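Residues in the sequence shown are numbered consecutively from -7, following this note's numbering.
FYI, nobody ran anything at the bench for these hints, they're computed from the structure. In this text the structure is predicted, and so the values were computed from the model without any measurement. Check each hint, because a few of them may be wrong.
Listed next, with one range per pair, are the computed distances between beta-carbon atoms [what the hints assert, rightly or not]:
#1 GLU40 x VAL11: 33 to 41 Å
#2 ALA47 x SER14: 45 to 53 Å
#3 ILE3 x ILE42: 51 to 59 Å
#4 ILE42 x HIS(-3): 42 to 50 Å
#5 ASP37 x LEU8: 28 to 36 Å
#6 ASP22 x GLU44: 29 to 37 Å
#7 VAL11 x PHE33: 22 to 30 Å
#8 ILE2 x ILE42: 31 to 39 Å
#9 LEU8 x ASN28: 28 to 36 Å
Where a beta carbon is used, it is the ideal one built from N, C-alpha and C, also for glycine.
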Amino acid sequence: METPHHNTDIIFDEDLYTVEWSDIENAEIDYENYLNDIESFFREDFEEDILEEEAF
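Build the full structure now, drawing on both the sequences and the hints.
Given below as structure tokens:
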């Protein structure tokens, strides 16, 4: 029979993992940067696909 290899004495601090609604509500999102990241991701993915097709 296997014995567990984890420490059951670890104390879980919920406050470290709690997000308050006000933190989300008051966050300012940099939409332009966000859209640039998405555009770059798809551009790079598309370019990689083209290179893979050319290799065949």
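Here's how the hints hold up against the structure:
Between GLU40 and VAL11, the C-beta spacing of about 35 Å keeps the proposed range 33 to 41 Å intact. The hint said 45 to 53 Å for the Cβ distance between ALA47 and SER14, and at roughly 51 Å that hint holds. In this structure the supplied range 51 to 59 Å holds for ILE3 paired with ILE42, their Cβ-Cβ distance being about 52 Å. One distance hint, 42 to 50 Å for the beta-carbon pair ILE42 and HIS(-3), holds here, with the actual separation near 47 Å.
Distance hint check for ASP37 and LEU8: the Cβ-Cβ separation is about 35 Å, which falls inside the suggested range of 28 to 36 Å. Remark: the range hint 29 to 37 Å for ASP22 to GLU44 is upheld by a beta-carbon distance near 32 Å. Separated by about 25 Å at the C-beta atoms, VAL11 and PHE33 satisfy the suggested range of 22 to 30 Å. Distance hint for ILE2 and ILE42: a CB-CB separation of about 49 Å, inconsistent with the stated range 31 to 39 Å.
Checked against the given bound of 28 to 36 Å, the beta carbons of LEU8 and ASN28, roughly 32 Å apart, stay inside it.
When held up to the earlier numbered hints, the structure conflicts with hint 8 and nothing else.
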